[in-house]
Amino acid sequence: MIPLTYMMSLSAVIFAIGVAGVIIRRNILVMFMSIELMLNAVNLAFIAIGSRLGSMDGQVIVFFVMTVAAAEAAVGLGIIISIFRNRETVHADDLTLMRW
Amino acid sequence: MPPFLYIFLGALAVVSALGVIIQRNPIHSLLALIATLMTVAILFIGEDAVVVGFLQIIVYAGAIMVLFLFVIWLLNLQVETGPTGHLALKFFGSLAAALLATELFFILAPPHLQVKFTHEPVGYGSLASLAGKLFTDYLVAFEVTSVLLLAAVVGSVALARRLPGTDDPRAARKAAS
Chain W
3 MIPLTYMMSL SAVIFAIGVA GVIIRRNILV MFMSIELMLN AVNLAFIAIG
53 SRLGSMDGQV IVFFVMTVAA AEAAVGLGII ISIFRNRETV HADDLTLMRW
Chain Z
17 MPPFLYIFLG ALAVVSALGV IIQRNPIHSL LALIATLMTV AILFIGEDAV
67 VVGFLQIIVY AGAIMVLFLF VIWLLNLQVE TGPTGHLALK FFGSLAAALL
117 ATELFFILAP PHLQVKFTHE PVGYGSLASL AGKLFTDYLV AFEVTSVLLL
167 AAVVGSVALA RRLPGTDDPR AARKAAS
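If you read the protein sequences in the order shown, they are chains W and Z.
The opening position of the first sequence corresponds to residue 3 in our numbering, with each subsequent residue numbered one higher.
The opening position of the second sequence corresponds to residue 17 in our numbering, with each subsequent residue numbered one higher.
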């Protein structure tokens, strides 16, 4: 089996790419995709450690994370559609109504 | 799985994850995200989490990504043109992410991360073992999840519907101009 360090580094790199996507990109939809990327990086770490501990708990937690991601995607995309209908933009910098 | 396959899949996952944040067309970002999810699913299967790996393909790469695709299609998003935004933000954002990756690497490196390696029991990662855990130790969380999903369904319908009596703001704007 591949060393745990390799899997954890891979997870860390994908998580950091997701963080970079949220900071750099201004398209709300792409920022949302970056959040999914971060969730997946954490899932990878759960699975890697779980299989080395011989415990199923990690897999069950990944199952719950997937459920939460599905709920989050449904609500988040509903919000994005609602914003687009009112403001006709998906650009985060254009949404300055509540900014002082 | 042989080690070289892990290296290959890991490289593929990192490259397609970079594709998600680099592509300027949202559809291309989405395709790169699907590639990342599939690669991670194969890594799950390689780590003996077979059921979760297949669930990842069906639920994530299948259902959730189709939802994203529908929204991109519904909003008619095109390739982003014009100025690419703040260069300083991009520079410092990348720097912060690189620092975060380094930090995570040092936290997760073996001297700090003490994992007692245990041999996997028979049937590890099978549907029976997952379900056995889910319906005994995690039964309360499982039931609460159903409430969460119900709340998400009601919430997304409430958010996306048009309130009765209010005109479509886009149609009103078009009529005014």
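Hints listed in this document are in silico derivations from the structure and should not be mistaken for laboratory results.
Just so you know, not all the hints are guaranteed correct.
Unchecked claim - Footprint (simulated), chain Z over chain W, 3 or more residues, beta carbon under 8 Å:
hint	segment
1	10-16
2	19-30
3	34-48
4	51-58
5	65-77
6	84-94
Nothing here was measured: the structure is a model prediction, and the numbers come from that model.
For each residue, glycine too, the CB sits at the ideal point set by N, CA and C.
Evaluated hints:
1. A stretch counts as covered by a chain when three or more of its residues have a beta carbon under 8 Å from one of that chain; for the segment 10-16 of chain W and chain Z the count is 7, and the coverage holds.
2. Evaluation of the coverage hint for the segment 19-30 of chain W: fulfilled, as 10 residues show C-beta separations to chain Z shorter than 8 Å, against a requirement of three.
3. A count of 9 residues in the segment 34-48 of chain W with a Cβ less than 8 Å from any Cβ of chain Z is obtained; the coverage claim is therefore met, three being the minimum.
4. For the segment 51-58 of chain W, the proposed coverage by chain Z is satisfied: 8 residues have a C-beta within less than 8 Å of a C-beta in that chain, meeting the threshold of three.
5. For the segment 65-77 of chain W, the stated coverage by chain Z is satisfied: 12 residues place a CB nearer than 8 Å to a CB of that chain, which reaches the threshold of 3.
6. Using a Cβ-Cβ cut-off of 8 Å, 6 residues of the segment 84-94 of chain W lie near chain Z, which meets the minimum of three, so the contact claim holds.
This entry satisfies every hint, going by the numbered hints stated previously.
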